Every structure is written in structure tokens, then in C-alpha cells.
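Throw the hints in and build the complete structure from the sequences for me.
Each step along the sequence shown adds one to the number in full-length UniProt numbering, with nothing skipped, and position 202 is 202.
No lab work stands behind these hints: they were computed from the structure. Do not rely on the hints blindly, as some may be mistaken.
To be verified - Here are the simulated distance ranges between beta carbons:
hint: 1; residue 1: G76; residue 2: A112; range: 53 to 61 Å
hint: 2; residue 1: L220; residue 2: T14; range: 37 to 45 Å
hint: 3; residue 1: S13; residue 2: L136; range: 30 to 38 Å
For clarity, every value in this text was computed on a predicted model and none was experimentally measured. The beta-carbon is built from N, C-alpha and C at its ideal position, and this holds for glycine as well.
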Amino acid sequence: MYDADTTGLDDNSTVAGVVGVAIEQFSELGFLETRLDTIAKISGISKRMIHYHFGDKKGLYHRCLIEAINRITPAGEELITDSTVPVEGVTRLIDAVYLRMTNHPESIRLLAMESLHRVLNVPELANLHSQSEVSLHLDRLLMLGQDAGAFRPGIGAEDLFYLIGSLAFYRVTNRDMMANLFDMDTTGATNTDGIHRLAVDSVLSFLTANIPDSAHDSYLVPDLVSDDEPQSALEIYDPEEFE
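Okay, structure coming up:
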């Protein structure tokens, strides 16, 4: 079982502390090697109380995946910009996403480990965290940029998130390999800043490149927009909604 009801646990500092310790343990050791006894000892809460709140080890692991995604997902206020210039808006959003991922390498390690080992078979679970707010802001910025002729068509919100996430995740997951091959610490301060600039320049270059229209709506998702649906940001979004 890993569907224990953890409603309201974020308000309990003790239990939140257990989740924090567990994320560190799972991300460093993996699911199989992590011990509830160790988590209990470090967090200062009994193993019996861990079972009470989370059901079992998989229940705690499931809650950790949810928290890990929550940690690297910007809040709504982090995405809003006063600028009406699409390039500035996209840059602000990249900054928010990259900063979140930079500040939480433990979450990236845990999510990468789950993707490799499939402890819970995440594709079959209910959504761990809704990304609709980030996607909504990205979609709006893309459409505003396309309407203004600043961005080329055929790029979706998922494309940009994939590009940003790839650079941010690789920085953590391939740190040791980059150190071995290039004597480079990708998580050091200088390279962290450099990868940030690489993310911004890559996305903006991707958006503004002089590449022929592919006639697709996105690189990653099926074409869902029909010919009779609105194609302009002004036809879809209320201008006051994001002020």
C-alpha cells in the first residue's frame, strides 16, 4: 500500500521533518537501501508514528515524490512579470524554474532515481503534482510572442519545460561523469550560473530561430488544435487575468 492519507501533514512540522529526512535518504541510497529505522532516528519520530502517518515505506516514498515535485515547481507569484514583452516574460519564467531546481538537488536526484528504478510505476499513479499553472503561463507567453512575430510557431509549453528541465537535471544527475570527463563541477557556483545562462540563451534562441514552420503545434505532444479554434492569445486569455 502507498496511498496513505497524508492530508494536512504539511502543517505538522514534525511530520514535514520526516519527509525532509526521507527525501535525503531515498535520494542518496535509493528505495531498497533506505531504512525506516534510520529515518526515525534522524528525524526524532518513532517508527510506529511513521507507519501511522504514511502507512508503510512505500507510503512515505510516495509522499516524498509529491514533495520533491512541489519543491521544484515555481509558485504562481514567481511566474508573474510586469513586463508586456514576451522575451522578458519567458526569461523570468526560466529564472523561476531553474532557481527552484538549483535550490533542490535532492529532489532532482529522487525523481531521477524513481524514473530509472520505477519503484511505484509513476505513469500508473494519479498526477503527483499539477503543472497546469506553469503550462498556462508558458502557453500565454508563447502565444503573445507568436502574435507579435517575436517567436516562431510550432513550440508548446511542454517543449520549453523539457528543455529547461533537461539542463537543470543534467547538472545534478551527471555531475560525477562531467567531473571525470572534463574535470568540471557542474554544481559549483560558476557553472551553476553558466548553466543558468545556457538555459536562458538556449530557450530564447530556440524560440526566435529562423526555422521553417513544421506545421506542428509542438515537438512533444500531438496536434490538438483544430482549424476553427482560436489561434491568438487575445482570443483565449483575459489580459487582466495575469496582471
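Hint check results:
Range check, G76 to A112: about 26 Å between beta-carbon atoms, so the 53 to 61 Å window is missed. Separated by about 41 Å at the C-beta atoms, L220 and T14 satisfy the suggested range of 37 to 45 Å. Checking the proposed 30 to 38 Å range against S13 and L136 shows it holds: the Cβ atoms sit about 32 Å from each other.
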